[in-house]
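Protein chains: 2
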Amino acid sequence: MSNKTNRRNFLKSSSLLGAGMLLPNANTQAGPNIRKGPLLDKVRVGFIGVGMRGRGHVDLTMRRADCEVVAICDIDPKALAATQNMLSKAGKKAAAAYGEKGERDYKRMLDKEKLDAVIIATPWEWHSEQAIACMKQGIYVGSEVCGGFSLDECWELVNAHEETGTHCFFLENVCYRRDVLAVLNMVKQNQFGELLHLEGGYQHDLREVKFNDGVNPYGGGVEFGDKGFSEAKWRTQHSLHRNGDLYPTHGIGPIAMMANINRGNRFTYLTSTASKPRSLNEFIVKHPKGGPNHPNANLPWKLGDIVTSVIKCNNGETMILSHDTNAPRPYSLGFRVQGTKGIWMDVNKSLYIEGSSPKAHAWENADAALKKYEHPLWAKYANDAEGAGHGGMDWFVLNSFFNNVKANAEAEIDVYDAATWLAITPLSEASIATGSTPQAFPDFTRGRWMKKKNTFGSM
Amino acid sequence: MSNKTNRRNFLKSSSLLGAGMLLPNANTQAGPNIRKGPLLDKVRVGFIGVGMRGRGHVDLTMRRADCEVVAICDIDPKALAATQNMLSKAGKKAAAAYGEKGERDYKRMLDKEKLDAVIIATPWEWHSEQAIACMKQGIYVGSEVCGGFSLDECWELVNAHEETGTHCFFLENVCYRRDVLAVLNMVKQNQFGELLHLEGGYQHDLREVKFNDGVNPYGGGVEFGDKGFSEAKWRTQHSLHRNGDLYPTHGIGPIAMMANINRGNRFTYLTSTASKPRSLNEFIVKHPKGGPNHPNANLPWKLGDIVTSVIKCNNGETMILSHDTNAPRPYSLGFRVQGTKGIWMDVNKSLYIEGSSPKAHAWENADAALKKYEHPLWAKYANDAEGAGHGGMDWFVLNSFFNNVKANAEAEIDVYDAATWLAITPLSEASIATGSTPQAFPDFTRGRWMKKKNTFGSM
Numbered sequence: 001m002s003n004k005t006n007r008r009n010f011l012k013s014s015s016l017l018g019a020g021m022l023l024p025n026a027n028t029q030a031g032p033n034i035r036k037g038p039l040l041d042k043v044r045v046g047f048i049g050v051g052m053r054g055r056g057h058v059d060l061t062m063r064r065a066d067c068e069v070v071a072i073c074d075i076d077p078k079a080l081a082a083t084q085n086m087l088s089k090a091g092k093k094a095a096a097a098y099g100e101k102g103e104r105d106y107k108r109m110l111d112k113e114k115l116d117a118v119i120i121a122t123p124w125e126w127h128s129e130q131a132i133a134c135m136k137q138g139i140y141v142g143s144e145v146c147g148g149f150s151l152d153e154c155w156e157l158v159n160a161h162e163e164t165g166t167h168c169f170f171l172e173n174v175c176y177r178r179d180v181l182a183v184l185n186m187v188k189q190n191q192f193g194e195l196l197h198l199e200g201g202y203q204h205d206l207r208e209v210k211f212n213d214g215v216n217p218y219g220g221g222v223e224f225g226d227k228g229f230s231e232a233k234w235r236t237q238h239s240l241h242r243n244g245d246l247y248p249t250h251g252i253g254p255i256a257m258m259a260n261i262n263r264g265n266r267f268t269y270l271t272s273t274a275s276k277p278r279s280l281n282e283f284i285v286k287h288p289k290g291g292p293n294h295p296n297a298n299l300p301w302k303l304g305d306i307v308t309s310v311i312k313c314n315n316g317e318t319m320i321l322s323h324d325t326n327a328p329r330p331y332s333l334g335f336r337v338q339g340t341k342g343i344w345m346d347v348n349k350s351l352y353i354e355g356s357s358p359k360a361h362a363w364e365n366a367d368a369a370l371k372k373y374e375h376p377l378w379a380k381y382a383n384d385a386e387g388a389g390h391g392g393m394d395w396f397v398l399n400s401f402f403n404n405v406k407a408n409a410e411a412e413i414d415v416y417d418a419a420t421w422l423a424i425t426p427l428s429e430a431s432i433a434t435g436s437t438p439q440a441f442p443d444f445t446r447g448r449w450m451k452k453k454n455t456f457g458s459m
Numbered sequence: 001m002s003n004k005t006n007r008r009n010f011l012k013s014s015s016l017l018g019a020g021m022l023l024p025n026a027n028t029q030a031g032p033n034i035r036k037g038p039l040l041d042k043v044r045v046g047f048i049g050v051g052m053r054g055r056g057h058v059d060l061t062m063r064r065a066d067c068e069v070v071a072i073c074d075i076d077p078k079a080l081a082a083t084q085n086m087l088s089k090a091g092k093k094a095a096a097a098y099g100e101k102g103e104r105d106y107k108r109m110l111d112k113e114k115l116d117a118v119i120i121a122t123p124w125e126w127h128s129e130q131a132i133a134c135m136k137q138g139i140y141v142g143s144e145v146c147g148g149f150s151l152d153e154c155w156e157l158v159n160a161h162e163e164t165g166t167h168c169f170f171l172e173n174v175c176y177r178r179d180v181l182a183v184l185n186m187v188k189q190n191q192f193g194e195l196l197h198l199e200g201g202y203q204h205d206l207r208e209v210k211f212n213d214g215v216n217p218y219g220g221g222v223e224f225g226d227k228g229f230s231e232a233k234w235r236t237q238h239s240l241h242r243n244g245d246l247y248p249t250h251g252i253g254p255i256a257m258m259a260n261i262n263r264g265n266r267f268t269y270l271t272s273t274a275s276k277p278r279s280l281n282e283f284i285v286k287h288p289k290g291g292p293n294h295p296n297a298n299l300p301w302k303l304g305d306i307v308t309s310v311i312k313c314n315n316g317e318t319m320i321l322s323h324d325t326n327a328p329r330p331y332s333l334g335f336r337v338q339g340t341k342g343i344w345m346d347v348n349k350s351l352y353i354e355g356s357s358p359k360a361h362a363w364e365n366a367d368a369a370l371k372k373y374e375h376p377l378w379a380k381y382a383n384d385a386e387g388a389g390h391g392g393m394d395w396f397v398l399n400s401f402f403n404n405v406k407a408n409a410e411a412e413i414d415v416y417d418a419a420t421w422l423a424i425t426p427l428s429e430a431s432i433a434t435g436s437t438p439q440a441f442p443d444f445t446r447g448r449w450m451k452k453k454n455t456f457g458s459m
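The listed protein sequences correspond, in order, to chains A and B. Heads up: the first sequence begins at 1 in this note's numbering, then just goes up one per residue. Heads up: the second sequence begins at 1 in this note's numbering, then just goes up one per residue.
Only chain A is shown next, with the shape it has when bound in the complex (with noise of 0.2 Å):
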């Protein structure tokens, strides 16, 4: 324990020297490692927030032999209550618990648990408020994806950041699927040649999400807000009364590594363009427990039912991202790829590589190629990751988070990329409110996205 204390304490005297003496070391290197620490060999993880997500990731957790959860926090007691009986079931020690005095409740844990790592899955607008107070606690935090508010808040991530030296790991699960792994690495390896255009998205439809029976978490009601359950109780409000890219992340995290933005590239500007929204409404009205007389029947709600941004990089190449959650349709995130050489879709799996493709100007199936060009995390760590959360993603980031909280190395996926995907939730409802007119992406790295390499997978 002193020697995880010791660097929790160095971390915080360091925070107070200011960022002067850390940052020229810091971001301009090209490995992955901010400076050199005491290792640690079990890391004290507590976790704000502990619905559903977050009890997926308390779960992996403890099943880990490098980590203890030892503090949990929520402002929900039946939330608090299943995680320790989660705990109990596996044998584990109870965590101490957080939550009752309020929704800032969770200052209390950083102050009081001696923390080397915190997982955040609240609500998206607790998100960044929490990742900086970690990060002024000298504490190494992951943070659960989502859009951001405006581009003031993904500034202060970066300064939080920037001031501290402490790092925030942005856990974006899909950087870590199987395929989208594949696939960056043969991007690496050359095989689409020089990369031209890339798309992505999500494209989900979210209705029994949305809205549930107020018990439940998936569907059976037409339930929102103080009446819903879950995601339903928060998520809801931003399709009421938000127009733009709400949840780009998923789409836009695994072709930003394979476009090497913030490493080498950046995002220039995006345009995005709303359809009109019917599709809530429609459910409602179609719903047995809903119907055209239910108070939730005559919402004016915002949100397009299709948000499609389209992104200019400094290299030259355009991506598509789709934000596709109120209609009925098959779970997708639209993944493209393409070069010079050759093009991969997520769709059917199709790939073409010139020269490589069985036939000229045909589809071949995509799977020889993904089990050929298998990226070595999934090589090495298949076995481990079963039966993990989305399809072994889940126990991927973790993994990656926890392999970077031990030796204090900067976050794979790190406070620029947190900032960069972020933004384009407020630079597409900025898009949409004035015609999908251009909007200029900050560059949050303040340069330094010129000389950093592209190591992602690397951990």
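Source of the hints: derived by calculation from the structure; they are not laboratory data. Some hints could be false.
[Unchecked claim] Here are the simulated lysine-lysine pairs, BS3-like style, with alpha carbons at most 30 Å apart:
1) LYS372(B) <-> LYS349(A)
2) LYS289(A) <-> LYS78(A)
3) LYS372(A) <-> LYS286(B)
4) LYS452(B) <-> LYS276(A)
5) LYS359(B) <-> LYS289(A)
Keep in mind that this is a model prediction, so the values were computed, not measured.
Put chain B on the given structure of chain A with help from the hints.
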């Protein structure tokens, strides 16, 4: 003959009366007929441009009992000879041949041949001038597709039609593709609910069209312009000098018809974003007959390899239109039609209709639905179309054209469609040139879209 001559002369003299008399009747009534004239039993057809594409139209025309190929015009004597040879082999009379007097010799043909209809299949830059010349002669004209050069050009087409009362049919064959028409039928029968989002494009690796050996039309070298043959002679220049969606109609035509564009709906604005241009240069440099020292190996290609346009419609739908003709990839027009009840994509024949698809949140193969909703035109004429170009589409577009000509009916794909779709190209060029700023579509119908009904597919 006197019957036909009379009608042609009537049209010519009518046009002298100006637009006032004809138009109120012309564009405000619901049905497809502008006015009654004597019906034709045999259409005297002339052709401007009898290269590869033009000869395809001659071939289909000479097989029709209701048509006679009476005149052809081309500046290339070989094209004229090949056409005469085709006619002769089919036991048809030789056509009167024009072109030897230069690029505007087509005017002599229009003056002398008492034509009922003309089909234009020349290089892009000639379509509008020639279509306008036909209208001014009172000759029903069918024009091959392309992208426009300016909004003025689009207005000139509209004005020529309105001033003369003569029709221009824009020969967009993909509007008649079997699956496209079946899906249009599904849209009309409300299978997709209210439409939200549509996609289409021209994703066609044209490298072996843009470059050849100067003798054969497809591939075998890296020549174009004066040293190229067929389309390489003229089409490739546009990739060298222009950056925009140069060929929008195959993608936009079908989804425009589904979304009732100019028939109760209209395009409001677009944004366009282009990737860097790399693939044409790479093709030349790597080609066995090219190489880094070939004179074509250091040209400043302007056309982005992938150009993405997003269109907003007046009724709130969004559309993504792709132009992707330089890089290696399997052919795909990339259609997607999505509404509040379901979604179709031509990629992998993907269909999902809520409540009708066998499994929730899962694609079904579209074949059964496409058969069930077979469009009446295909149900009636599939056998006639068999063996015709592009999977039968070419037969259908010409059949509609000649049916319209015989009745002197309003063109099923009319001059307003032509102007609106052609306008995508200059608007896309303007958007790209100004950093993807939104570009408003002119309303070429001058407000008549608000009343016009969608009768596409009824002839």
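Against the structure, the hints:
For the hint pairing LYS372(B) with LYS349(A), the CA-to-CA distance comes to about 28 Å; that is within 30 Å, so the pair holds. Between LYS289(A) and LYS78(A), the direct Cα distance comes to roughly 26 Å. Compliance with the 30 Å bound is thereby established for this hinted pair. Under the criterion of a C-alpha separation no larger than 30 Å, the hint pairing LYS372(A) with LYS286(B) is consistent with the structure, at around 26 Å. Distance restraint check for LYS452(B) and LYS276(A): the Cα-Cα separation of roughly 22 Å lies within the 30 Å cut-off, and the hinted pair is therefore satisfied.
Of the pairs offered as hints, the one joining LYS359(B) and LYS289(A) holds, with about 22 Å between alpha carbons and a cut-off of 30 Å not exceeded.
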